[in-house]
Every structure is written in structure tokens, then in C-alpha cells.
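A.B. asks: Protein chains in written order, with my numbering: chain R, 1 to 266; chain E, 267 to 601.
One or more hints might be untrue.
Derived CB-CB ranges, DEER-like [to be verified]: (1) E:Glu276 x R:Ala245: 29 to 39 Å; (2) E:Arg295 x R:Ser61: 50 to 60 Å; (3) R:Ala27 x E:Ala506: 53 to 63 Å; (4) E:Asn272 x R:Trp176: 22 to 32 Å; (5) R:Ile13 x E:Asp519: 48 to 58 Å; (6) E:Val302 x R:His255: 18 to 28 Å; (7) R:Ile154 x E:Gly384: 28 to 38 Å; (8) E:Ser308 x R:Arg12: 39 to 49 Å; (9) E:Asn348 x R:Ala245: 37 to 47 Å; (10) E:Glu406 x R:Ala27: 33 to 43 Å; (11) R:Ile212 x E:Val302: 34 to 44 Å.
For the record, the hints were derived by calculation from the structure and aren't laboratory data.
Don't be surprised by glycine CBs; every beta carbon is placed ideally from N, CA and C.
Spelled out from the first residue to the last, the chains are:
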Amino acid sequence: MKSIRRALKMYRIFAAQELKRMMEYKADFVIGIIGFLLAQVSNLAFLWLIFRQVPDLMGWSINEIVFIYGFSLIPKGIDHLLFDNLWAIGHFIVRKGEFDKYLTRPINTLFHVMVEKFQTEALGELIVGIGLISVTLPQLNVQWYALKIILGIIVIPFAALIYTDVKIATASVAFWAKRSGSVIYMFYMVSDFAKYPATIYNRVVKGIITYIIPFAFTAYFPAVYILRDENPIYCIGMTVVISLALLALGVFVWHKGTRAYESAGS
Amino acid sequence: MIEVENLRKEFKKTIKDPGLRGSVKSLFRPKVEKIVAVNDISFSVPEGEILGFIGPNGAGKSTVIKMLTGILTPTAGKCTINGKNPRENRKNYVKEIGVVFGQRTQLWWDLPLRETYGVLKEIYEVPDDRFKKRMAFLNEVLDLDSFITNPVRTLSLGQRMRADIAASLLHSPKVLFLDEPTIGLDVVVKDNIRNAIEEINRQEHTTVILTTHDLSDIELLSKRIVMIDKGQKVFDGAIADLKTKYGQIRELDFETDCPDPERELDYINRFSLGEDDISFEREGMSVKVRFNSSAVPVSEMVGYTLGKINISDISVKDADIEEIIRRLYSQGVEQ
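Okay, chain R solo, but in the shape it has when bound (with noise of 0.2 Å):
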């Protein structure tokens, strides 16, 4: 309980300080609140030409499809807004040696570079993604009661936390590797398959966002308990095991990592 008031303590003093650091470069923040909204606009046009066009894909109604994709973006955005700069581990911290920083304070390592940025461009994800569920939801002919509303909620955190594991294993290669950037990229980019439902995809990618690369359970498999009241204790009780499963594999490949970390000349 103590450490985890502390760990929400340093939390608030690393996001008081990360706020800062944009208030001191005002105009690069102005430019790029401007960037991300016209990033959206963009986005949503093609959305809209995309499902104008299919009208139902594989038994899925459009609103449903945009009810997912919508979905999608929420944990995508958590994350992405939160814990962004594991990216920089496998960009420059590990390559360049200024991982020394963190092995030299008292904090977990992980945390403190999990916690030291956050990425302002996912309110974005998460703006866009509210929207296209507040839009569908309403025509969606959804049953709603208590426990789906408890169940839907919490599942968000879980689903986001799936992301965040793969950028925590993926991110820790650097550590033997040096950089890792392509490898984070490589497999952040197959969540694109999740904004769909997994259904319309051939066996082979749908084993692996189901299986390999859990991105399925982001928010196909919410979705479908949500809209169809299909097996609860599959769709969120299996999002809730497998980020949490995936988290003991990251934290364990991140310590791992740690201890074959080699520095940089100095």
C-alpha cells in the first residue's frame, strides 16, 4: 500500500514536471495541439469514406465495426498518452548510455521511464475514440446492466495494459541489442488489426492477434461481450489473465535486460 502511494506520488511530481517542460516551449505545443487535431479530422474523413462504402462485413453491421474500431482507440490512447517513452529506450536511451541515470536512482527503473513523458497527441486517439462509440452506441440495440457496465469499464486499463506489455518486452531488446526501435514498431503495428473485428481476417492473422500477439483482446473480444453478450469469462476475464501474464513476461524480460545493459563509452 505504501509503495504504491509513493509510486503515485512520483507519478504526479514526474507529470507536474513533464507539463511544465511544455509550457516552456509554448509554441511547439500550440503547433502541435494544431497537428493532432487536423491529424483527426483527417482520420475521421477517411473513416467516413471507408464505411460509407460497406454497409456489413462479415455478419457485422457498420455500426458495430466503428463501435470497435471507436472502441479500439480508447486503450490504445491510454497508453500511448501515458507510458510513450519506452519508445525512447529503444530509440536513443540504451544506444547513447543514459539508461546509467535511471540504474543510479532509487525507483524502478521501468516505472521511472514509463512515468518521465506522456505524449499529449493521444488525447487525439482518445477524443476520437469516445466520439465514435457516444456516436454508434445509441444505434447499437445493446443490452445494458450493472454488471456489463462494471465489466466494460474495467476492462479498458487491462486492454490498455496489453500495449504497454508488448512496448515493455519489445522495448527491453535493446538492451542486448542496442536499439530496438523497428522491433517496438514491428509489433505495435500489427494493434492495427485490432480496430477490426477479428472475424473478417484469414486464419493466420487472426491466430496471431489472438494468440501470438494478443491485440484481439483489446477490443474485439470486449466488443463482443459488450454487443452480443458472448462469454464474459472468455472476452474480460481472458483481457484481464493475458495483461497480466504478458506484464511478468515484460518485467521479466526488462530485468533481465537491465542486467546485460553494457553502457556507452564516456
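Got chain R sorted already, so can you dock chain E onto it with the hints?
C.D. replies: Just chain E now, with coordinates in the frame of chain R:
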């Protein structure tokens, strides 16, 4: 109390042939070579001592420091600091040490310096009243007040180094590791930093391990040095010993139009010197003479040289570390 026993660190390195072709080739058939960066180094440092850890570039100094600070995992051997192993219970261990790498910074680059100390206070869980006292002390020793509100990116190198040293001392560590703390600094700033280190060591009895390749840093700060080269310890003892044994070498540089100054000056016979006591190098007009100043005093050497041949632009320098190590090797290592 720091104990280092038979410490060893190996790195694996992929050997590549030059050019793109070599890189592609090594992608498919990598030639891996083992590099021993630190080879069987042992020493101990009692509490409150300032130990100079010296050696030329690439000798393995930083690698040793990184093992002592828990950044690198040793391949073999062990180090214990106040009875603790840096790699076991890292979080607990690092609370007792402070680390400064001269080439890097741990300060929050984009924010006013003051912010860094605020965050470090939380990271190290320093209580409010202790923090206030500590900042007052560090400000007195390192004179931070004039730039504490400036963003770190705007600090000069000397200010940044002072700020970094203060950051490493905020939590009152028992041991302070300084890796090249004076690199790239001018004489005045170097002096300030040395005084600050001395002050902190005197007031708080902090053990300091300091690496440098600048001998003058060490001469002013520590009585004892450990010298390493090519990953091995080559000397461990009082700095005065090193000086009497190997450091009496001075370098005399001058320019002359004399066609054969070596024969003209004939130092060996004039001062009856041994082979080891003198070396002569000539490149066009400029001449470099390295001589043992315990065999022939500097004043005599200069006077004799000036009187003997026509000379312009003369200077005398202390031997640098590379020169001392060169001599250590040529004479064999005695400890």
C-alpha cells in the same frame, strides 16, 4: 569502506570489415570478439578518503566506476560498498551513493535548475527541513544561487558541473563517485570544483572516488591514487611515491636553428645521465627533451641549454599521465 576484489568485466564486440560490405557481411556471419575492459582489479578505500582513480583514455576507469555504482554487472569478482553489493537491492544501495558523470547530466534539461532539486528531493525522499538545510549548504559550497532559476540548457559547462555535483549530494550520500568532473573546464572553474569536493569531504567525511586523466586534479585532492591501464592496475599508493618514482620527468620544449642539437648539447655526458633519464625528439626546428629532474635539476638543464645553443621559445612542462605510464611500462611495474 569500499572493497573491490578481482573485479573483471568483459564485453562482446562484433568485428566488422570496413564499409557497407563489411557491415552486411557481419550481419550474416558476425565475428564476435571478447574484449576485457577490466581485468582482475582489487583495491580498497577506507571511509572518508579521497581516492584518485587515474589512467589514460580507454583504460577502464569508467567501467570500474559503473560496476561500483551498479550500472554494469561484473563478469567476475565482487565489489562491496559499506557491506552492500551494488547489484543486490539496487534501490537501497543507490540511496547511499552519489554519482556524477562529467560527460552526461542528470538535470532536467528543459526546466529551471531549481526544479531538478525539487524532483530529486522526492526521488530520494529527503524531508522538507533537511532539504532546506542541504540546499543552503550546497549553495554555500557550490555557489548555485546565481543560476538556480535558469533553465538547465542555458547553463555554462562549469555551472552545469556544479549543479550536477550538487544534485548528486542532495541526499547526503556516504560515497561520492565523480567520473571526469573537471573535463573541459577552465582553470578557475576546475579550482572551484576541487575546493568544493575538498570542503564536502572535510565537513561530511564523504568518501570520494574520482577519476580523471588530469594529474593536477588528483595532486591537489587526494593523497592516494590507483592507476590503471588497459584494464589492469599498474599502481596503488601515495601520489608522492608515484612522483618520486616516475613523475620527476619534465619535458623541455624549445626551437633552435642549430643543425644537430643532440650532439651539440650532449646531455648524457655533460650531466652523466643514464639511458632512462633522458629522451630526445626532434622535428624540424622544434625539439622535445624529456629528462629526469631528480638526476638533473630543471634550472641547470635550462641554463645549460640556453647557454650552449641559440634558442627561441623555450618552455618546461610536467610529465602527463601518458608519459608516466609509458615509463611505468619501460621500467617494469614495481609496487
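A.B. asks: Against this structure, judge whether each hint is valid.
C.D. replies: Each hint tested on the structure:
1. E:Glu276 x R:Ala245: 29 to 39 Å: holds, 35 Å
2. E:Arg295 x R:Ser61: 50 to 60 Å: holds, 55 Å
3. R:Ala27 x E:Ala506: 53 to 63 Å: Roughly 58 Å apart at Cβ, these two residues keep to the hinted range, so it holds.
4. E:Asn272 x R:Trp176: 22 to 32 Å: Hint holds: Cβ distance 26 Å, inside 22 to 32 Å.
5. R:Ile13 x E:Asp519: 48 to 58 Å: holds, 55 Å
6. E:Val302 x R:His255: 18 to 28 Å: holds, 26 Å
7. R:Ile154 x E:Gly384: 28 to 38 Å: At roughly 35 Å between Cβ atoms, Gly384 (chain E) and Ile154 (chain R) fall inside 28 to 38 Å, so the hint holds.
8. E:Ser308 x R:Arg12: 39 to 49 Å: holds, 45 Å
9. E:Asn348 x R:Ala245: 37 to 47 Å: Since the Cβ atoms of Asn348 (chain E) and Ala245 (chain R) sit about 39 Å apart, the hinted range of 37 to 47 Å holds.
10. E:Glu406 x R:Ala27: 33 to 43 Å: Holds: the Cβ-Cβ distance is about 38 Å, inside 33 to 43 Å.
11. R:Ile212 x E:Val302: 34 to 44 Å: holds, 40 Å
In this structure, none of the earlier numbered hints is contradicted; all agree with it.
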